[in-house]
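Student: First to last, the protein sequences are chains A and B.
Counting from 1, one number per residue, gives the positions in the first sequence under the UniProt record's numbering.
Counting from 1, one number per residue, gives the positions in the second sequence under the UniProt record's numbering.
For the record, the hints were derived by calculation from the structure and aren't laboratory data.
Keep in mind that the hints are not guaranteed to be accurate.
[Said to hold, decoys possible] Label pairs and their in silico Cβ distance ranges:
no., chain 1, residue 1, chain 2, residue 2, range
1, B, 192, A, 76, 16 to 26 Å
2, B, 104, A, 76, 40 to 50 Å
3, A, 72, B, 54, 30 to 40 Å
Note that beta-carbon positions come from the ideal geometry of N, C-alpha and C, so glycine has one too.
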Amino acid sequence: MTVSISVFCPTDCFRLEPGVRLRPVPELGHCLAYTPARPALHRLNPSAWLLAELADGRPLAAIAADFGEAMAEIGGEAKLSDVEAALVGLIELGIVGKLATPATEGSQNA
Amino acid sequence: MNPRLTAPPKVAISITEACPLSCKHCYGDCGREARPAELSIGEWREAIARLAADGVISLHIEGGEPLLKPGFLDLLAEASRSMFTMVRTHGTLIDAAMARALRDAGVGRVLVDVMGATGPTHEWFTGAPGSFDASVAAVRHLVACGVATDMLLILTRQNAPEVQDLLDLAAGLGAERVGVLRLYPLGRAKRIWQEIALPLADQMRTLGALRVPAGLTLMQSWHPNDHNCCWQSAAVIANGEIVGCPYLREYVSHGNLRSTTLLEAWRTAPLWQVLRAGAVERSCPDCSAAEGSHGGCRATAYAWHGRWTAPDPFDVTLNDGVDLSVLPDRLLPA
Ligand code: SF4
Ligand code: SF4
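Next comes chain A alone, as it looks inside the complex (with noise of 0.2 Å):
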């Protein structure tokens, strides 16, 4: 029996880094993100994308399930080892931050 082991603490949630700006080019299927604490401009694949976009401050759980009823209608399926491990690229980017308690509502402009 395989154990999968998360490297996430389940109550971790994930938002855009403050700043952060994406800018999807949908004609050539990938979308743009700057990161302007540490100036660079990224090309995301469109699953990148969408996990960047599903990244809302709601935690890892809430965010897979999107993001895999989001394949599901494309015919994809998604494993959360999958979403944590594009969730983690997208952090070591600087992109996505991790938050320790879920943002409430309107927390993010506050």
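Could you slot chain B with the ligands onto chain A? The hints should help.
Tutor: Frame of chain A; chain B with the ligands shown alone:
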């Protein structure tokens, strides 16, 4: 045909035509003083805010010398909040304090131009004693404070024997990339074309002999990387003219920022739509495969042939016997 974009994600601006150097080849025919028709810093700030609102996420700023534009650092800081910014400069105004100021303004990358790997060659072009050492020092200062830095060189007869030395110098200084650029028949370069331009075979020989030092990236747009990037290119020069690309500055106007917006011009200017569509008479299959675009650079194609659909003579497979060291009569300055 080329990919189609509904709005440009990347824009280049030539923010001023003022420059303390007097390069023999200057494309913008720049001088010490800004020209009266130049957009003011206030007009640029307004225009840049509009660009960001219209979806631009990458802004390349060149001149002239951008650092000479009064209020430039504030404009850079403002732009860098929402756009990846790149600044192209000759570097002579960048000491340690200016390098830190650029970093603190959030610049994404600085590109430092040199015209050789030695003082005498560089300064033959710039006409400014000490300017080579100042440019090299600028790279050192930028790298020391953590700014991603490239060096650029326009390939000419005078500096072709020094390109390898420049790659080695750049690697030693900690630059990330060197861009070797083709010489365009623009501005003052036209007046001395025969003295500085190389035939294509000599250009290719120079590029083919290069050994890229570990850790450095070489950028070059000759075969098999001859792209037709008009499909995604958008540019505005110092007087507000929307030209699509700085290399098209003498051939096109898609409107002026004083009377329209870049997005409006992108959507409506007929010639811009033609250039972006990328209809060309012939394409190099290797370059098309590598670059996803067709026909090579439109500025050099048009300069030599006078047709927007013509083959790019800087590509070995499309050159058709054109001697690039000779300008067409049509382009000779009066
Ligand atoms: S440094 Fe650039 S802008 Fe200044 S004179 Fe030379 S080519 Fe022109
Ligand atoms: S003129 Fe040449 S360099 Fe400029 S956008 Fe067109 S293809 Fe690219």
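Student: Work down the list of hints and note, for each, if the structure agrees.
Tutor: Hint-by-hint comparison with the structure:
1. About 59 Å separates the C-beta atoms of residue 192 of chain B and residue 76 of chain A, a value inconsistent with the hinted range of 16 to 26 Å.
2. Here the CB-CB span from residue 104 of chain B to residue 76 of chain A is close to 44 Å, well matched to the stated 40 to 50 Å.
3. Against the hinted window of 30 to 40 Å, the Cβ-Cβ separation of residue 72 of chain A and residue 54 of chain B comes to about 35 Å, which satisfies the hint.
Violated hint: 1 only; the structure is consistent with all others.
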